[in-house]
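K.L.:
Single-letter residue listing:
2 protein chains.
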Amino acid sequence: MRDVAIVGAGMTRFGKYMDRGLKDLSREAVDAALDSAGVDKADLEIAVVGNAAAGLATGQECIRAQVILRDYGIDKIPMVNTENACASSSTALQVAWLYVASGMYDVALALGVEKMYSDDKAKVMATFGAGTDVEQLKQIMQQLKPPSEKKAGAESGAGKSRSVFMDIYAAGARAHMARHGTTKEQFAQVAVKSHQNGSLNPHAQYQERYSLEEILASPPVAEPLTRLMCAPIGDGAAAAIVVSDAKARQYTTKPVWIRGTALVSGSDHPGEDGGTGARAAQSAFEMAGMTPADVDVAEVHDASAPAELMLYEELGFCAEGEGGRLVDEGVTTIGGRLPVNTSGGMVSKGHPVGATGISQAYEIFLQLRGEAGDRQVKDASVGMTHNGGGMVRGEAAATTVHVFSV
Amino acid sequence: MRDVAIVGAGMTRFGKYMDRGLKDLSREAVDAALDSAGVDKADLEIAVVGNAAAGLATGQECIRAQVILRDYGIDKIPMVNTENACASSSTALQVAWLYVASGMYDVALALGVEKMYSDDKAKVMATFGAGTDVEQLKQIMQQLKPPSEKKAGAESGAGKSRSVFMDIYAAGARAHMARHGTTKEQFAQVAVKSHQNGSLNPHAQYQERYSLEEILASPPVAEPLTRLMCAPIGDGAAAAIVVSDAKARQYTTKPVWIRGTALVSGSDHPGEDGGTGARAAQSAFEMAGMTPADVDVAEVHDASAPAELMLYEELGFCAEGEGGRLVDEGVTTIGGRLPVNTSGGMVSKGHPVGATGISQAYEIFLQLRGEAGDRQVKDASVGMTHNGGGMVRGEAAATTVHVFSV
Numbered sequence: 089m090r091d092v093a094i095v096g097a098g099m100t101r102f103g104k105y106m107d108r109g110l111k112d113l114s115r116e117a118v119d120a121a122l123d124s125a126g127v128d129k130a131d132l133e134i135a136v137v138g139n140a141a142a143g144l145a146t147g148q149e150c151i152r153a154q155v156i157l158r159d160y161g162i163d164k165i166p167m168v169n170t171e172n173a174c175a176s177s178s179t180a181l182q183v184a185w186l187y188v189a190s191g192m193y194d195v196a197l198a199l200g201v202e203k204m205y206s207d208d209k210a211k212v213m214a215t216f217g218a219g220t221d222v223e224q225l226k227q228i229m230q231q232l233k234p235p236s237e238k239k240a241g242a243e244s245g246a247g248k249s250r251s252v253f254m255d256i257y258a259a260g261a262r263a264h265m266a267r268h269g270t271t272k273e274q275f276a277q278v279a280v281k282s283h284q285n286g287s288l289n290p291h292a293q294y295q296e297r298y299s300l301e302e303i304l305a306s307p308p309v310a311e312p313l314t315r316l317m318c319a320p321i322g323d324g325a326a327a328a329i330v331v332s333d334a335k336a337r338q339y340t341t342k343p344v345w346i347r348g349t350a351l352v353s354g355s356d357h358p359g360e361d362g363g364t365g366a367r368a369a370q371s372a373f374e375m376a377g378m379t380p381a382d383v384d385v386a387e388v389h390d391a392s393a394p395a396e397l398m399l400y401e402e403l404g405f406c407a408e409g410e411g412g413r414l415v416d417e418g419v420t421t422i423g424g425r426l427p428v429n430t431s432g433g434m435v436s437k438g439h440p441v442g443a444t445g446i447s448q449a450y451e452i453f454l455q456l457r458g459e460a461g462d463r464q465v466k467d468a469s470v471g472m473t474h475n476g477g478g479m480v481r482g483e484a485a486a487t488t489v490h491v492f493s494v
Numbered sequence: 089m090r091d092v093a094i095v096g097a098g099m100t101r102f103g104k105y106m107d108r109g110l111k112d113l114s115r116e117a118v119d120a121a122l123d124s125a126g127v128d129k130a131d132l133e134i135a136v137v138g139n140a141a142a143g144l145a146t147g148q149e150c151i152r153a154q155v156i157l158r159d160y161g162i163d164k165i166p167m168v169n170t171e172n173a174c175a176s177s178s179t180a181l182q183v184a185w186l187y188v189a190s191g192m193y194d195v196a197l198a199l200g201v202e203k204m205y206s207d208d209k210a211k212v213m214a215t216f217g218a219g220t221d222v223e224q225l226k227q228i229m230q231q232l233k234p235p236s237e238k239k240a241g242a243e244s245g246a247g248k249s250r251s252v253f254m255d256i257y258a259a260g261a262r263a264h265m266a267r268h269g270t271t272k273e274q275f276a277q278v279a280v281k282s283h284q285n286g287s288l289n290p291h292a293q294y295q296e297r298y299s300l301e302e303i304l305a306s307p308p309v310a311e312p313l314t315r316l317m318c319a320p321i322g323d324g325a326a327a328a329i330v331v332s333d334a335k336a337r338q339y340t341t342k343p344v345w346i347r348g349t350a351l352v353s354g355s356d357h358p359g360e361d362g363g364t365g366a367r368a369a370q371s372a373f374e375m376a377g378m379t380p381a382d383v384d385v386a387e388v389h390d391a392s393a394p395a396e397l398m399l400y401e402e403l404g405f406c407a408e409g410e411g412g413r414l415v416d417e418g419v420t421t422i423g424g425r426l427p428v429n430t431s432g433g434m435v436s437k438g439h440p441v442g443a444t445g446i447s448q449a450y451e452i453f454l455q456l457r458g459e460a461g462d463r464q465v466k467d468a469s470v471g472m473t474h475n476g477g478g479m480v481r482g483e484a485a486a487t488t489v490h491v492f493s494v
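From first to last, the protein sequence lines are chains A and B.
The first sequence begins at 89 in the working numbering and counts up one residue at a time.
The second sequence begins at 89 in the working numbering and counts up one residue at a time.
The hints are simulated quantities; they were obtained by calculation from the structure and are not laboratory data.
For clarity, every value in this text was computed on a predicted model and none was experimentally measured.
Take the hints with a grain of salt, since some may be wrong.
[As the list claims (entries may be wrong)] Dumping the calculated DSSO-like pairs for lysine-lysine here, alpha-carbon to alpha-carbon at most 27 Å:
{"no.": "1", "chain 1": "A", "residue 1": "LYS209", "chain 2": "B", "residue 2": "LYS211"}
{"no.": "2", "chain 1": "A", "residue 1": "LYS209", "chain 2": "A", "residue 2": "LYS111"}
{"no.": "3", "chain 1": "B", "residue 1": "LYS209", "chain 2": "B", "residue 2": "LYS111"}
{"no.": "4", "chain 1": "A", "residue 1": "LYS164", "chain 2": "A", "residue 2": "LYS111"}
{"no.": "5", "chain 1": "A", "residue 1": "LYS129", "chain 2": "A", "residue 2": "LYS111"}
{"no.": "6", "chain 1": "A", "residue 1": "LYS466", "chain 2": "A", "residue 2": "LYS342"}
{"no.": "7", "chain 1": "A", "residue 1": "LYS209", "chain 2": "B", "residue 2": "LYS209"}
{"no.": "8", "chain 1": "B", "residue 1": "LYS211", "chain 2": "B", "residue 2": "LYS111"}
{"no.": "9", "chain 1": "A", "residue 1": "LYS211", "chain 2": "B", "residue 2": "LYS129"}
{"no.": "10", "chain 1": "B", "residue 1": "LYS111", "chain 2": "B", "residue 2": "LYS129"}
{"no.": "11", "chain 1": "A", "residue 1": "LYS111", "chain 2": "B", "residue 2": "LYS111"}
{"no.": "12", "chain 1": "A", "residue 1": "LYS104", "chain 2": "A", "residue 2": "LYS209"}
{"no.": "13", "chain 1": "A", "residue 1": "LYS104", "chain 2": "A", "residue 2": "LYS211"}
{"no.": "14", "chain 1": "A", "residue 1": "LYS111", "chain 2": "A", "residue 2": "LYS272"}
{"no.": "15", "chain 1": "A", "residue 1": "LYS211", "chain 2": "B", "residue 2": "LYS211"}
{"no.": "16", "chain 1": "A", "residue 1": "LYS129", "chain 2": "A", "residue 2": "LYS164"}
{"no.": "17", "chain 1": "B", "residue 1": "LYS209", "chain 2": "B", "residue 2": "LYS104"}
{"no.": "18", "chain 1": "B", "residue 1": "LYS209", "chain 2": "A", "residue 2": "LYS211"}
[As the list claims (entries may be wrong)] Reference excerpt, derived from the structure (chain B facing chain A, CB under 10 Å, subset only):
{"no.": "19", "residue": "GLU149"}
{"no.": "20", "residue": "ASP159"}
{"no.": "21", "residue": "PRO166"}
{"no.": "22", "residue": "GLU171"}
{"no.": "23", "residue": "ALA175"}
{"no.": "24", "residue": "VAL183"}
{"no.": "25", "residue": "LEU186"}
{"no.": "26", "residue": "SER190"}
{"no.": "27", "residue": "GLY191"}
{"no.": "28", "residue": "VAL352"}
{"no.": "29", "residue": "VAL441"}
Where is the CB? At the ideal position from N, CA and C, for every residue including glycine.
Between the sequences and the hints, there should be enough to build the whole structure, so can you do that?
P.N.:
Set out below in structure tokens:
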């Protein structure tokens with residue numbers, strides 16, 4: 089397969105946009121990506137678009153790419169709509185990469201877009217439950233409640249779907265605390281870092297800094313999670329221009345190469361078969377001819393702050409049980425040995441689900457080109473992204489790892 | 089890129105299955121495909137799944153592949169969900185082909201599945217409008233009405249969405265009649281052929297034969313369409329096992345090679361830029377190193393019988409305006425020079441939208457292996473499929489052509 093690079097990337101600020109739709113958000117992100125690449129939209133040969141919830145949010149169940157891009161004047165090229173819940177657009181990025189790496193096309197647009205805020209609360213609630221088997225949603229929720237809440241008895245699926253994923257993350261965090269002695273303060277410190285980084289990112293949904301005490305004192309979600317440790321919902325779009333090696337050298341002197349890409353699903357329990365993050369990382373690093381030790385900067389799927397800490401271990405940044413130590417030593421802060429979620433991560437940058445995957449690639453694109461401004465990681469030349477989407481019977485539905493280098 | 093073949097294919101009978109869901113239908117199709125290939129499900133390395141309307145039909149908006157395949161025991165492999173309205177699974181087939189052709193995987197499952205029948209009429213209605221820009225649906229419908237109906241004034245979008253695509257097909261048929269002198273009887277004769285072929289296909293939703301008079305006398309839909317000229321809605325699934333050349337030779341002595349594959353979108357008006365069917369065919373035949381003259385058997389997107397006749401011209405089976413003559417001469421009947429829709433086509437076999445694309449490939453797979461039973465085309469060695477999905481502002485959203493040979 090051919091070498092493939094990202095030569096342009098762009099995104100909207102993530103946030104709450106009651107007056108903006110999928111088309112408008114996408115246009116801003118695609119414009120920014122094309123501008124940064126110096127590529128004209130007429131040069132695009134294929135578009136691969138990731139979205140998870142437009143059916144719920146706007147009723148647009150089908151041909152989302154074509155509907156979103158048509159009025160923008162992108163309408164004569166093949167389009168593929170991909171969906172993998174919160175990993176929808178990192179999946180789109182792999183498929184775009186594949187179309188180019190295989191030699192089928194030279195210039196691809198990968199776009200992720202999501203609209204979650206709505207005047208209709210029921211729509212917002214529905215999107216939370218969408219990333220799992222809807223038939224089993226109620227059952228899963230009951231299983232994952234902390235013991236103290238179980239006594240209250242079963243609640244309705246619809247009313248409780250807001251926090252089903254946070255319940256899952258909280259259960260994982262409690263298990264990590266029990267097994268490895270990880271503390272709530274260490275989890276909270278990850279959130280301190282995320283909000284600190286987000287305060288330096290003009291595209292972050294939340295740009296305020298918080299002290300450890302403030303994180304811990306924010307409203308409880310599910311023990312040990314507090315609200316400031318959890319990713320918010322949001323609206324937004326992110327786009328990348330993915331091109332062949334020959335085109336890359338034509339368009340820019342600073343291509344960001346996609347060195348490895350992996351998509352996996354299945355068990356997400358470390359110790360059984362290594363978890364999807366571990367398997368995806370292993371596969372992507374093998375393709376890249378690299379190891380986790382080569383990574384200078386990483387964006388990982390921190391739907392909650394504890395998830396980020398646990399991912400340090402799963403992705404091979406440290407040994408099992410050592411995630412808390414990494415936090416204590418500041419290894420993953422900007423200025424540390426391996427800065428993670430320099431964008432602010434999902435906790436601070438926000439998490440419009442279908443847009444998240446490519447927004448991660450956008451951050452790595454900036455970092456590896458030295459264009460990340462106040463949050464620039466010095467001399468970063470290798471980056472990676474990790475993005476997870478959906479869950480079926482407690483197993484991850486789609487986990488991606490992409491490895492990049494200049 | 090590597091040569092890629094289909095070594096197994098299977099499908100459910102298309103029909104109305106009030107008691108069966110996406111999982112159950114998929115299992116039957118995948119079982120049949122694996123059986124015909126002699127491939128164990130543990131050998132699958134990736135699954136690409138096309139579906140258009142599960143969000144509307146079952147509320148399963150996200151990770152449909154993972155939810156559908158998990159309980160069947162396929163849960164540790166990467167899965168990509170693709171959507172392109174009625175072309176969702178022919179798009180899935182291209183993406184599966186790409187994963188294998190590129191060398192990334194050796195054994196892929198491509199699956200298309202759809203559930204359209206429901207006790208909830210509103211759900212059924214909603215699926216009809218899903219294949220276009222929902223914001224513009226009402227406006228399009230008004231524009232496409234025959235003059236006699238326009239006077240009645242605008243109707244509500246929801247109530248009329250059932251026939252929006254049939255209105256589009258009817259408008260195209262009327263234009264063809266005006267321009268080329270094509271007759272309603274010629275369109276009806278295509279439907280006679282479809283139902284005749286469907287009567288020979290145990291997987292067809294409708295297996296009854298009709299005379300020309302019966303087709304013409306069936307209830308009118310939109311002039312010149314009658315009900316028996318139109319594809320019904322349906323439930324069903326179709327699957328194909330897509331493998332590398334080395335694996336193909338290992339699994340079977342009768343691989344069906346995917347020689348060309350194209351996905352296009354954009355203008356669908358012949359004479360402007362050739363229409364998406366023409367462009368897709370040109371691209372796929374070029375990849376295959378073939379021409380329409382090489383084709384022995386074809387499955388084309390006959391959402392209505394007139395569409396099939398017009399596709400004869402657009403796909404290069406005859407010159408513009410000569411579609412009626414092909415019908416008169418019986419060229420596209422089984423036994424003719426170029427049999428089209430030997431399966432019964434969408435008009436008789438049925439059209440569970442996300443399943444249609446791979447069901448077409450299933451028919452070609454049988455025909456090229458000489459396994460099509462009573463509807464076998466003698467000595468067929470080259471086949472093609474044409475599948476269209478969705479429409480935005482009157483332009484085709486996604487059109488695929490795949491070319492196969494033994």
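K.L.:
All the hints need checking, so say for each whether the structure fits it.
P.N.:
Each hint, compared with the structure:
Taking the CA atoms of LYS209/A and LYS211/B, the gap is near 21 Å; set against the 27 Å cutoff, the hint holds. Proximity of LYS209/A to LYS111/A is assessed by CA-CA distance (about 22 Å); at most 27 Å being required, the pair is judged to hold. For the given pair, LYS209/B sits about 22 Å from LYS111/B by alpha-carbon distance, which is consistent with the 27 Å threshold. About 17 Å separates the Cα atoms of LYS164/A and LYS111/A, which keeps this hinted pair within 27 Å; it holds.
Only pairs whose Cα atoms come within 27 Å are accepted, and LYS129/A paired with LYS111/A is accepted, the gap being roughly 15 Å. About 16 Å separates the Cα atoms of LYS466/A and LYS342/A, which keeps this hinted pair within 27 Å; it holds. For the hint pairing LYS209/A with LYS209/B, the CA-to-CA distance comes to about 24 Å; that is within 27 Å, so the pair holds. Of the pairs offered as hints, the one joining LYS211/B and LYS111/B holds, with about 19 Å between alpha carbons and a cut-off of 27 Å not exceeded.
A hinted pair counts as satisfied when its Cα atoms are at most 27 Å apart, and LYS211/A with LYS129/B does not qualify at roughly 37 Å. A threshold of 27 Å between alpha carbons decides the hint, and for LYS111/B with LYS129/B the separation of about 15 Å falls inside it, so the pair holds. For a cut-off of 27 Å, the pair hint linking LYS111/A to LYS111/B is broken: about 33 Å separates their Cα positions. Our distance criterion of 27 Å between C-alpha atoms is met by LYS104/A and LYS209/A, whose separation comes to about 14 Å.
Distance restraint check for LYS104/A and LYS211/A: the Cα-Cα separation of roughly 15 Å lies within the 27 Å cut-off, and the hinted pair is therefore satisfied. About 41 Å separates the Cα atoms of LYS111/A and LYS272/A, which puts this hinted pair outside 27 Å; it is violated. Distance check on the hinted pair: LYS211/A and LYS211/B sit about 17 Å apart at the alpha-carbon level, within 27 Å; holds. Of the pairs offered as hints, the one joining LYS129/A and LYS164/A holds, with about 11 Å between alpha carbons and a cut-off of 27 Å not exceeded.
Among the hinted pairs, LYS209/B with LYS104/B is consistent with the structure: their alpha-carbon atoms are about 14 Å apart, no more than 27 Å. For a cut-off of 27 Å, the pair hint linking LYS209/B to LYS211/A stands: about 21 Å separates their Cα positions. The interface hint given for GLU149/B holds, since its Cβ lies 4 Å from the closest Cβ of chain A, which is under the 10 Å cut-off. Here the hint on ASP159/B is kept, as its CB sits about 8 Å from the closest CB of chain A, short of 10 Å.
At about 4 Å, the closest approach between the beta carbon of PRO166/B and any beta carbon in chain A falls short of 10 Å, and the interface hint on this residue holds. About 4 Å separates the beta-carbon of GLU171/B from the nearest beta-carbon of chain A, less than 10 Å, and the hint is met. At a threshold of 10 Å, the smallest CB-CB gap from ALA175/B to chain A is about 9 Å, leaving the interface hint in force. Hint status for VAL183/B: holds, given a least beta-carbon distance of 6 Å to chain A, under 10 Å.
With 10 Å as the threshold, the beta carbon of LEU186/B comes within range of chain A, its nearest partner Cβ sitting at about 5 Å, so the hint holds. The interface hint given for SER190/B is met, as the beta carbon of that residue sits about 4 Å from the closest beta carbon of chain A, less than 10 Å. Hint on GLY191/B holds. Least Cβ distance to chain A is approximately 6 Å, under the 10 Å limit. For VAL352/B, the shortest C-beta to C-beta distance to chain A is roughly 6 Å, which falls under 10 Å, so the interface hint holds.
For VAL441/B, the interface hint holds, the least distance from its beta-carbon to any beta-carbon of chain A being 9 Å, beneath 10 Å.
Hints 9, 11 and 14 from the list above are not met by this structure, while the remaining hints are.
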